[in-house]
Amino acid sequence: MDFSWDPEQRAFRSTVREFLAAHLPSEWESLAHGPGTEWQSTFSKQFCGALADAGLLVPHWPKRWGGRDADPWTAFILAEEMWEAGEPRGGQYMNVNWIGPTLMRFGSEEQQQRYIPPMARGQTLWCQGFSEPEAGSDLASLRTRADKADSTYRINGQKIWTSYAGQADTCFLLARTSPGRNGISIFLLPMDTPGITVRQIPSVIGEGDIHEVFFDDVTLPATAMLGEEGKGWDVVRTALSLERVGIPRFALATRMLHRAVDKLKQSERFGAGAIEQAAKARAACEAARFYSYNIVDQRRHGITVGPEASVARFATVLAERLVGEFVVEHVPEALSGADQMLLSHHQRAIVAGIASGAAEIQLNLIATEFLGLPKEPR
Amino acid sequence: MDFRPTSDQESLVDAIDKLAMQFQQKPTEFHGFALAGHELERELQEGEYFDIAQVPEFGPLTAAMAVERLARLPFTAEIALSMLVRPHLPGDVPRPLAVVENGRPGRFVAAAKTLLVIEGERIAIARPSADAVEAVDSLFAYPMGRLKHSVDLERLSEADAANTRKWLRVALAAEVSGLLQAAIASTVEHLTLRKQFGRPLGTFQALRHRMAECAVLAGGVRWLTLKAAGTGDDGDAALAASHAQESATRIVYEVHQMLGAMGMTLEHPLHLWTYRLKALLSELGGRGGQASAVAQYLFQAPRSLG
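Quick mapping for you: the protein sequence lines, in order, are chains A and B. Convert by adding 813 to the 1-based position in the first sequence; the result is the number in the working numbering. Convert by adding 316 to the 1-based position in the second sequence; the result is the number in the working numbering.
Don't take each hint at face value.
Below 16 Å or equal to it, Euclidean Cα-Cα: the simulated EDC-like pairs (lysine to aspartate or glutamate) are [to be verified]:
(1) A/Lys1188 <-> B/Glu505
(2) A/Lys1188 <-> A/Glu1173
(3) B/Lys511 <-> A/Glu1189
Derived coverage of chain A by chain B (criterion: at least 3 residues anywhere in the stretch with Cβ under 8 Å from a Cβ of chain B; other residues may be distant) [stated by the list, open to error]:
(4) 1078–1087
(5) 1092–1103
(6) 1119–1128
(7) 1170–1180
(8) 1183–1190
To give an idea of the chain B side of the interface with chain A (calculated C-beta under 10 Å), a few residues [as the list claims (entries may be wrong)]:
(9) Pro321
(10) Leu377
(11) Ile441
(12) Thr508
(13) Gly518
(14) Ala531
(15) Thr547
(16) Gln606
(17) Phe615
Simulated from the structure, these hints should not be mistaken for laboratory data. Heads up, the beta-carbon is just placed ideally off N, CA and C, and yes, glycines get one too.
Just chain B, with the same shape it has in the complex (with noise of 0.2 Å):
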């Protein structure tokens, strides 16, 4: 065990944070749901940091602290596909990805070169050609799309399902844990500002508390999120998964409750992390998909050494 960062993960991390840097304000005139990062995700790839996770010296959990931190953006782009799922898809898949879950409406999907369509158990990879797939409104703060018609799918074996199946478990956790982080800051930057009874809220018990269980749960969830990015296993981004949905779950409200009426408007950002934190709660089979991959992988046998 050691937790310090290694010299190439703070270099990497700081290269991100540097890039970062002028996506970190929503655009005053912009009042929608989906913000788009294009510009961010062409300066991704022109950096090839979507491939950092292929990188022997960076591996997942490098990709998983940069999924992590762009999560953290107003602007949103698929990035945490693409770093930490697509290195394990047979073959090389053209980017960017995107999951369809049961038929639904999914991120991402309608400017995606490469499918994940699930469809319970099975998971199937597609190239949908441009009029297959098509932009749907919606409430998320995702670019939400969906498939128009069936398209031709390649069935990943049962060993290659499982896998994906897992690394998109870390890629969820990574991007809720930046999700969380940001809207825990800007919900904090509030409760300091805003003043009622002469005093500013933070300074009242009753939300200092949950505040205070809200960054509990989300430091939880990076934790998990990193060991099992370092990790890889199983059962580790299972628990990742699970921690995340759950935790995001209750954070979502508590930091809508705090933000009051402000929160409501689409002029403050507070809306891009919780209504995109909403759009991740049902994927993989919501909560109870994640408990049944704890069930399945950690309360099988008898626990092994540490």
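If we strip away everything but chain A, and leave its shape as in the complex, we get (with noise of 0.2 Å):
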């Protein structure tokens, strides 16, 4: 067991910092960055290119895809440090951490070489269909049809909670071919196609971040399938796998808990009772950083990640928790105006046990695979 990082991977880190520091405007940490903003969604684009072209973007790609085969600490510090600079990449992380993956494994080769080239240079925004109004946590009960005539899927349903929607060129689709779970396909479906309503839901995340999505009579080539119809499901567990620790949360929490310390001791606020309480969310961002490292070391070697996939999760849950009630308690000012990048950071914070899975349901699979209680009955 070793806790330090090796000379390439340091050289790495601080040529990602570099990299920031050279690229983000002057004024990134006052600005209202929220991921779904137009704003945002420009910046992501221009900053993205940038980013391809040092060879920053997907170096963990292939290296046909325009990647370099890097591993995943590589992914890993990449994905730490985007995070923690409050992810100018915007929607784009989706592409790099599954949705290019899981388009390299199962799409067909129209659809890699008509999708993965953009995602690699950084100029496509993605976007989720997975949620419905009566599919939440209990996805596998979607309602949204695809029913086929000829060549030909015609949709018909609603998404919503869709992020990025507004903006999104494509759509990563879960819709029912038939009934049950085997019943789930998944489409790749271009958002300027004809049918498509998109309704942003004001939110406290902020601009531009949750969408309810209508289809009516959406209709797309059979070609449009990923994968084979009705294994939708086994798709979207990988995807799901992928992008259950792609978010390096803890990386944010800990800078903003550092940043929210450095107001409380500069105007000499920081006692006892803050003192305290920084000293555990402190430790609950680091617990959550060796729980996701351990997930990284894991795919490293090769090691099927199993339940600790949903441990690490929820140790990042409790930590995101800790310290925005942190930051509600002993610096409520930045959340009126006083601090732009501590409010960014709590608007995005609250996603952290909902989006991707709720909390709740991590836990239940933690009961069963992980401790080895009983399944409870349904």
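The two chains are supplied separately, each in an independent frame; assemble them into the complex guided by the hints.
The structure is reproduced here in structure tokens:
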């Protein structure tokens, strides 16, 4: 066991930090750069384009798709630095983390040629059409239909809570091709296809983050299906396992905790009560960090990641919660205009236990698969 | 970063597990608090396990793994301080070791050959004569003892005191980590076997979620402990001890709730782990003490690279 970074990893982290210093606008920290805003989406294309030119957008992807087959640690160091900086890639982090890799694994040659190069150049945004009004945690009960007619599918239904839908070029869509769990298929749907209506939902997360998406007789060629008909669930499982520890939330949470503590110290308000809570939050951030590192280490050694991914995810939720509560109690002025960076983080942190599967679903998985408790009856 | 144990670490942990096999069960006739493992201690001594941290291919990280595994046993002995703190004390001090913190009774004090006497910020070493210490009855599931009268103290320099305090934190966290794992495993067994309303308790979500949270906390303690032992960093040690005491406070409550009346009995072994954890909650200044250390080492200067 070794808890130190090797020289190559240190050098890579420095390279990423230098890139960020050179490419983030000087007023970056004072901007309300919510991940789904129009400004962020436009900026992300410029920023990700520059990342791609520097070989820093998809280093962990295969050479064929513009990467250099870098190991999982490289990908994670990159993700840590990006998230800690406030995620200047915006919604494109999804392309890098899981949409690209999922397409490489399940996509047809035509789909790969069409969709992967724009991702590798940092020029495209995707959204994830999973949740529906009646299918949240119980995702398998989704109702959006894809009816086959000759060589096309006609999509009808509704998605909700869809991040980045207002800016996305393509939707990674789950729809029902027949009843039951084995009736779910995946479609790669261009968002300019006629019949799609997107409505933004005003939210505490900030502008442009969550949406309703309606599909009225949206017609797609059968070649838009990803993988086999009815096998969508297997693809989703792969995608979710990539996403679950894809966001190093602990990195920004740690930085924001230090930022809040610095503010308290400057105004001589870092007293005993605040110290105890700050220590508790700092330890939770560090625990989340090492849980996540453990997953990266397993991937690095080719070990199939099991319920540890859910444990890592929940540890991250605990850390985000403690940092959020610390800011609310000790630096409340940050949420009233005194610190845009703390405010933006606070807006985004509420998502930690909800997006990509509710934390309570993770707790169920931990109870059964990690602790070995008997399953609850359904 | 590489989290695979080395082959040396694997073989040592295997050897520890083998040695521990015969101490896995609480003797059925034992209905007390301090289940002292004299035989366990003798075997560890004979196998020279107390000195593993000084062996270059093992080091403190492997010692922390050993402490953690041995803390899962129903039997207890003075292991953590001997393995993790003793190597960092000036000179070669005899074991067992014990801590006397601000005059309070402490674990293993009555049998200790070396005492670490903590008075506020100061730490001193003492070699108590047999009549200077005595055993005390306690609710804590360690053999507890106290200093009867003042003894000659050899005060540590500020640097040695800070270093000793750091390794005391690592030792505390490693002990807590093992105890938490044992308490959780024992509770999971109960929730799997015990049925109410016609189904195992472990199928009720109200309990499952709480146990899952306990598992997340306990695993976090383990990671922070291993990291602190591996890096020997002051901040890492403070974080490990802080997370250990925070998590133990919550988990002790939860597992007793899960066990219900069964956990109140001295027949069930749960108290051997939880009433040890309770003894550890106040050590080294408790959560406030660890928080001050975190503030001292981590919230002082701008953060460094990685």
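Status of the hints after comparison with the structure:
1. A/Lys1188 <-> B/Glu505: Given pair A/Lys1188, B/Glu505 holds - Cα atoms ~14 Å apart, limit 16 Å.
2. A/Lys1188 <-> A/Glu1173: 14 Å, holds
3. B/Lys511 <-> A/Glu1189: 13 Å, holds
4. 1078–1087: Holds, because 3 residues of the stretch 1078–1087 of chain A bring their Cβ atoms closer than 8 Å to Cβ atoms of chain B.
5. 1092–1103: With 9 residues closer than 8 Å to chain B, the stretch 1092–1103 of chain A meets the three-residue bar; holds.
6. 1119–1128: holds (count 3)
7. 1170–1180: holds (count 6)
8. 1183–1190: Our answer is that it holds, as 8 residues pass the Cβ test (under 8 Å) against chain B, meeting three.
9. Pro321: 6 Å, holds
10. Leu377: Status holds, d = 6 Å.
11. Ile441: Violated - the Cβ of B/Ile441 stays beyond 10 Å from chain A, reaching only about 28 Å at its closest.
12. Thr508: 6 Å, holds
13. Gly518: 4 Å, holds
14. Ala531: Holds, about 6 Å.
15. Thr547: Since chain A brings a Cβ to about 5 Å from B/Thr547, closer than 10 Å, the hint holds.
16. Gln606: 6 Å, holds
17. Phe615: This hint holds: B/Phe615 lies near chain A, its Cβ roughly 5 Å from the closest one there, short of 10 Å.
Checked against the numbered hints given earlier, this structure breaks only hint 11.
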